[in-house]
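**Q** Sequence:
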Amino acid sequence: MNFSATLPSRLRNRGLSMGLLLVALMMGSTTAAAQGYDLIDPPQNTSTPDKVEVIEFFWLGCPHCYAFEPTILKWEKDKPDYVSFSREAPPLNPSWETHSRSFYAAQLLGKEHEFVDAMFDAIHEQRKNMRKPKDIAKLAETLGMDPDKFLKTMKSFAVETKMRRAIQLAKGAGLTGVPAVMINGKYRTSASKAGGYPAVIDVINERSEFEKEEMGLAN
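Here my numbering is used: the first residue of the sequence shown is 16, the next is one more, and so on.
These aren't lab readings, by the way, just hints derived from the structure by calculation.
Each hint should be verified, as a subset may be incorrect.
What the hints assert, rightly or not - Only pairs whose alpha carbons sit at most 27 Å apart, straight line, appear in this in silico DSSO-like list of lysine-lysine:
| no. | residue 1 | residue 2 |
| --- | --- | --- |
| 1 | K89 | K66 |
| 2 | K167 | K153 |
| 3 | K126 | K167 |
| 4 | K164 | K186 |
| 5 | K147 | K164 |
| 6 | K92 | K126 |
| 7 | K186 | K227 |
| 8 | K92 | K227 |
| 9 | K227 | K66 |
| 10 | K143 | K186 |
| 11 | K164 | K153 |
| 12 | K149 | K126 |
| 13 | K149 | K186 |
| 14 | K126 | K89 |
| 15 | K143 | K153 |
| 16 | K227 | K208 |
| 17 | K89 | K227 |
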């Protein structure tokens with residue numbers, strides 16, 4: 016007996032539609048993986064509705080983040096105007112907290128880029144153990160920041176707020192490591208997923224262009 020023949024046509028059609036939808040979703044996920052990114056489900060809200068939002072997640076003590084630095088900085092310099100770029104340093108591990116606090120303190124004091132450059136150099140080139148807040152404050156002083164103000168800012172409510180937001184963003188993006196990049200709250204990529212640092216930039220550019228068209232943004 017053909018059991019399917021005994022089902023009402025409406026149920027058969029519904030089952031067929033659900034099956035096709037499942038296949039489409041699976042194919043979409045497979046295509047995304049093949050193209051070097053993961054789909055973020057559910058998509059995350061962005062803070063720049065008039066631009067395509069690109070966020071890099073990193074840790075100052077991460078050698079891979081340091082290796083990625085020249086590539087992402089060059090991209091940032093040349094990125095299109097319809098893209099907004101920011102960096103987040105979520106303390107995914109308790110040992111990262113001091114570095115996260117110091118990054119957001121420098122950001123609040125208007126020295127983000129200079130501080131990241133100096134910390135990367137101190138940690139990865141000079142092999143200094145930049146784990147103590149006082150040592151980091153001394154480095155901040157060489158960049159024109161008041162060391163006492165820097166230390167107070169590290170403990171401030173504003174930094175706490177930024178760290179909580181960074182953790183929420185990282186969780187929403189499904190982060191498992193750094194460096195990683197989230198594109199417009201919908202796509203997550205990394206060197207391991209894309210196939211190298213230059214390929215990460217290719218993914219950022221391709222997805223940003225796609226999102227620009229979807230949002231109807233001008234170049």
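**Q** Give a verdict on every hint.
**A** Here is how each hint holds up against the structure:
no.	hint	verdict
1	K89 <-> K66	holds, 20 Å
2	K167 <-> K153	holds, 14 Å
3	K126 <-> K167	holds, 16 Å
4	K164 <-> K186	violated, 31 Å
5	K147 <-> K164	holds, 16 Å
6	K92 <-> K126	holds, 17 Å
7	K186 <-> K227	holds, 25 Å
8	K92 <-> K227	holds, 19 Å
9	K227 <-> K66	holds, 8 Å
10	K143 <-> K186	violated, 30 Å
11	K164 <-> K153	holds, 12 Å
12	K149 <-> K126	holds, 17 Å
13	K149 <-> K186	violated, 30 Å
14	K126 <-> K89	holds, 19 Å
15	K143 <-> K153	holds, 13 Å
16	K227 <-> K208	holds, 23 Å
17	K89 <-> K227	holds, 21 Å
Violated hints for the displayed structure, listed by number in ascending order: 4, 10 and 13.
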